[in-house]
Amino acid sequence: MPANNVMLTAKAIGLSFGGIEALVDIDIDVRQGEIFAIIGPNGAGKTSFFNCINGFYRPQKGSINFEGKEITRLPSHRITELGIGRSFQGLQLFNGLSVLDNIMAGRHFHFKAGILSDAIYFGRTRREEIKHRKVVENIIDFLEIEPVRKQIVGALPYGLRKRVDLGRALAAEPKLLLLDEPLAGMNRDEKEDIARFILDISEEMGITIAVVEHDMGLVMDICDRVVVLDFGRKIAEGTPEEIRSNEEVIRAYLGKAS
Amino acid sequence: MDRPAGVFDVRYEQDMAVVRTGPQWGVLIGFLILLAVLPLFAGSYFLGFMILTGIALIAVLGLNILTGYAGQISIGHQAFVAVGAYTTAVLMDSFHWNFWATVPLAGIAAAAVGVLFGLPSFRLKMLYLAMSTLAAQFIIIAFFNHAFPDYFHAVSGIRVNRPELAGIDFRNNEAFYYVVIVIAVLMTFFSKNLVRSRLGRAFVATRDNDLASEVIGINIARYKLYAFAIGCFYAGIAGALHATYYRSVNPMQFHLDASIWYLGCLIVGGMGTTVGAVFGVLFLRSIKELVVFVSPVLGGMVSPINAPKIGPALGIISWALVVILFLIFEPRGLAHTWDVLKSRFRHWPFKYAF
Numbered sequence: 014m015p016a017n018n019v020m021l022t023a024k025a026i027g028l029s030f031g032g033i034e035a036l037v038d039i040d041i042d043v044r045q046g047e048i049f050a051i052i053g054p055n056g057a058g059k060t061s062f063f064n065c066i067n068g069f070y071r072p073q074k075g076s077i078n079f080e081g082k083e084i085t086r087l088p089s090h091r092i093t094e095l096g097i098g099r100s101f102q103g104l105q106l107f108n109g110l111s112v113l114d115n116i117m118a119g120r121h122f123h124f125k126a127g128i129l130s131d132a133i134y135f136g137r138t139r140r141e142e143i144k145h146r147k148v149v150e151n152i153i154d155f156l157e158i159e160p161v162r163k164q165i166v167g168a169l170p171y172g173l174r175k176r177v178d179l180g181r182a183l184a185a186e187p188k189l190l191l192l193d194e195p196l197a198g199m200n201r202d203e204k205e206d207i208a209r210f211i212l213d214i215s216e217e218m219g220i221t222i223a224v225v226e227h228d229m230g231l232v233m234d235i236c237d238r239v240v241v242l243d244f245g246r247k248i249a250e251g252t253p254e255e256i257r258s259n260e261e262v263i264r265a266y267l268g269k270a271s
Numbered sequence: 279m280d281r282p283a284g285v286f287d288v289r290y291e292q293d294m295a296v297v298r299t300g301p302q303w304g305v306l307i308g309f310l311i312l313l314a315v316l317p318l319f320a321g322s323y324f325l326g327f328m329i330l331t332g333i334a335l336i337a338v339l340g341l342n343i344l345t346g347y348a349g350q351i352s353i354g355h356q357a358f359v360a361v362g363a364y365t366t367a368v369l370m371d372s373f374h375w376n377f378w379a380t381v382p383l384a385g386i387a388a389a390a391v392g393v394l395f396g397l398p399s400f401r402l403k404m405l406y407l408a409m410s411t412l413a414a415q416f417i418i419i420a421f422f423n424h425a426f427p428d429y430f431h432a433v434s435g436i437r438v439n440r441p442e443l444a445g446i447d448f449r450n451n452e453a454f455y456y457v458v459i460v461i462a463v464l465m466t467f468f469s470k471n472l473v474r475s476r477l478g479r480a481f482v483a484t485r486d487n488d489l490a491s492e493v494i495g496i497n498i499a500r501y502k503l504y505a506f507a508i509g510c511f512y513a514g515i516a517g518a519l520h521a522t523y524y525r526s527v528n529p530m531q532f533h534l535d536a537s538i539w540y541l542g543c544l545i546v547g548g549m550g551t552t553v554g555a556v557f558g559v560l561f562l563r564s565i566k567e568l569v570v571f572v573s574p575v576l577g578g579m580v581s582p583i584n585a586p587k588i589g590p591a592l593g594i595i596s597w598a599l600v601v602i603l604f605l606i607f608e609p610r611g612l613a614h615t616w617d618v619l620k621s622r623f624r625h626w627p628f629k630y631a632f
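Sequences listed follow chains H and Y, in order.
Whatever position you read off the first sequence (first residue = 1), add 13 for this note's numbering.
Whatever position you read off the second sequence (first residue = 1), add 278 for this note's numbering.
By construction, these hints were calculated from the structure, which means they are not laboratory data.
All values derive from a computational prediction rather than experimental measurement.
Where a beta carbon is used, it is the ideal one built from N, C-alpha and C, also for glycine.
Only pairs whose alpha carbons sit at most 16 Å apart, straight line, appear in this in silico EDC-like list of lysine to aspartate or glutamate:
no.	chain 1	residue 1	chain 2	residue 2
1	H	74	H	38
2	H	188	H	42
3	H	125	H	94
4	H	147	Y	293
5	H	144	Y	291
6	H	147	H	159
7	H	204	H	194
8	Y	403	Y	486
9	H	125	H	142
10	H	24	H	42
11	H	163	Y	293
12	H	188	H	216
13	H	147	Y	291
14	H	82	H	94
15	Y	629	Y	617
16	H	163	Y	287
17	H	147	Y	287
18	H	188	H	47
19	H	144	H	186
20	H	204	H	234
21	Y	470	H	142
22	H	144	Y	293
23	H	24	H	40
24	H	188	H	213
If you only want the chain Y side, here are some residues facing chain H, beta carbon under 7 Å, derived:
no.	residue
25	290
26	476
27	483
28	492
29	495
Could you put the whole structure together from the sequences, leaning on the hints where they help?
Below you can see the structure in the form of structure tokens.
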């Protein structure tokens with residue numbers, strides 16, 4: 014159940030590209046253990062906000078704190094090492110690698126052996142490969158992709174590739190997982206699978222989840238708290254029930270009733 | 279993936295192994311023994327061929343890591359070979375170093391220069407990066423042509439003596455063959471291991487998707503430099519052997535053609551596979567030798583006056599044609615053909631299996 018310690022705090026985030034203001038004065042808290050959703054119409058700034066957390070974009074104003082550490086100016090790979098994982102909108106896999114290697118690559122910074130040890134592939138490197146392989150096999154089991162583990166990712170169907178993407182993010186053992194539209198382009202069965210994985214990740218692995226999603230069914234059913242963005246501004250925050258009846262939100266989605 | 283029927287992996291070590299079954303070990307050891315006894319019955323000409331193939335293989339393995347795996351296109355690879363060759367030559371000629379001590383230093387010097395010319399890869403990708411490595415080719419060779427004439431002797435070239443070790447004189451090809459083959463086999467072993475460990479995965483990740491690489495915690499700037507360092511280290515080692523094999527070093531040996539020839543080897547063999555680098559080098563080196571035999575005959579038939587010019591022209595035309603044909607008909611190279619053959623053999627009489 015959601016505890017109340019705040020894990021990630023974004024304070025007064027302002028991001029603009031030239032004259033276009035993508036994010037204006039955004040305050041968002043993500044609490045430990047919860048499933049947190051960011052919704053909003055197209056172009057509301059949801060993915061931009063994720064990109065700020067990730068270090069892809071540098072917000073001009075405001076600051077982001079993760080577990081008491083300022084991460085606003087850190088490079089992306091440092092932010093990942095602190096424990097923020099991410100899956101992407103669409104597909105951003107390593108198409109030349111097998112499913113197994115994609116997920117193994119996700120454990121990249123857990124490896125400690127040096128280049129010389131890698132070159133002889135004996136002792137430390139071999140032990141590490143096996144140790145991490147076991148973790149990766151657990152993730153493969155969890156995502157039910159055992160039959161394709163040795164296949165090259167580029168040849169897999171979309172639904173499976175999305176699972177590999179999720180697996181790669183999990184392999185880094187994040188504390189906070191950012192999911193950018195995990196259900197985009199999926200059919201109903203695939204959506205249900207992913208929703209089940211998200212719940213399991215939250216409950217079994219204890220990973221805090223922040224999700225950007227357009228599928229209201231998912232958001233309303235499994236999320237603990239929802240924030241609504243519209244044209245880069247936060248217009249509402251609350252439980253799914255509160256959001257459902259919020260007039261600002263209805264206006265943003267459906268236009269103003271005269 | 280594909281393995282003989284009845285062979286199952288029960289431990290991760292078995293699944294990770296490159297050489298899996300008894301017969302595979304047999305073939306590998308048999309091949310190594312064949313390499314070891316080759317000088318007993320092969321002529322000096324064939325050993326020369328093997329030496330040059332071994333040297334080219336080391337360079338191409340490096341380029342394979344840099345371009346095939348890490349995706350940083352380099353068309354200045356022969357310049358890094360030159361850095362290795364000049365390091366060995368100058369250290370031996372002007373400073374009277376022992377050859378064996380200069381070999382690792384040749385690799386390190388080439389790696390350092392490679393990192394320097396790898397810096398643009400932070401900002402440049404693909405074709406633009408190719409342009410900057412092309413610049414490396416010209417800058418480095420111009421440097422050896424014009425700088426420090428007291429050391430580099432650009433006009434006369436530097437004479438390099440072949441080494442001696444524990445009473446064995448490596449001046450004859452039989453002995454020098456072992457030096458090259460042992461180093462080439464070791465470098466192949468290292469290359470295969472590097473690309474199947476964390477480093478190789480990080481290289482392919484950087485090549486395939488740089489944004490996603492950052493997000494899984496890969497410092498892509500650092501890994502690009504690693505790729506340049508390792509790729510050029512290989513080139514440097516090849517350079518050291520090159521210098522001692524020809525017993526002289528001059529800037530004319532390190533032409534742009536060779537840099538592109540290395541890329542051709544990768545295309546023919548199959549980019550991003552270690553076995554492809556081996557196949558590619560063997561194939562294109564064989565064609566080179568074939569041309570040496572064929573061109574005088576052909577010259578005599580076509581036009582005896584122009585016969586001396588036909589050889590060089592035919593050399594370039596033939597390998598360029600081979601590369602083009604591979605790009606059209608087998609873009610994944612001989613490594614893929616090899617995989618298909620193995621799979622056909624295992625599944626026969628069926629076409630494929632699940």
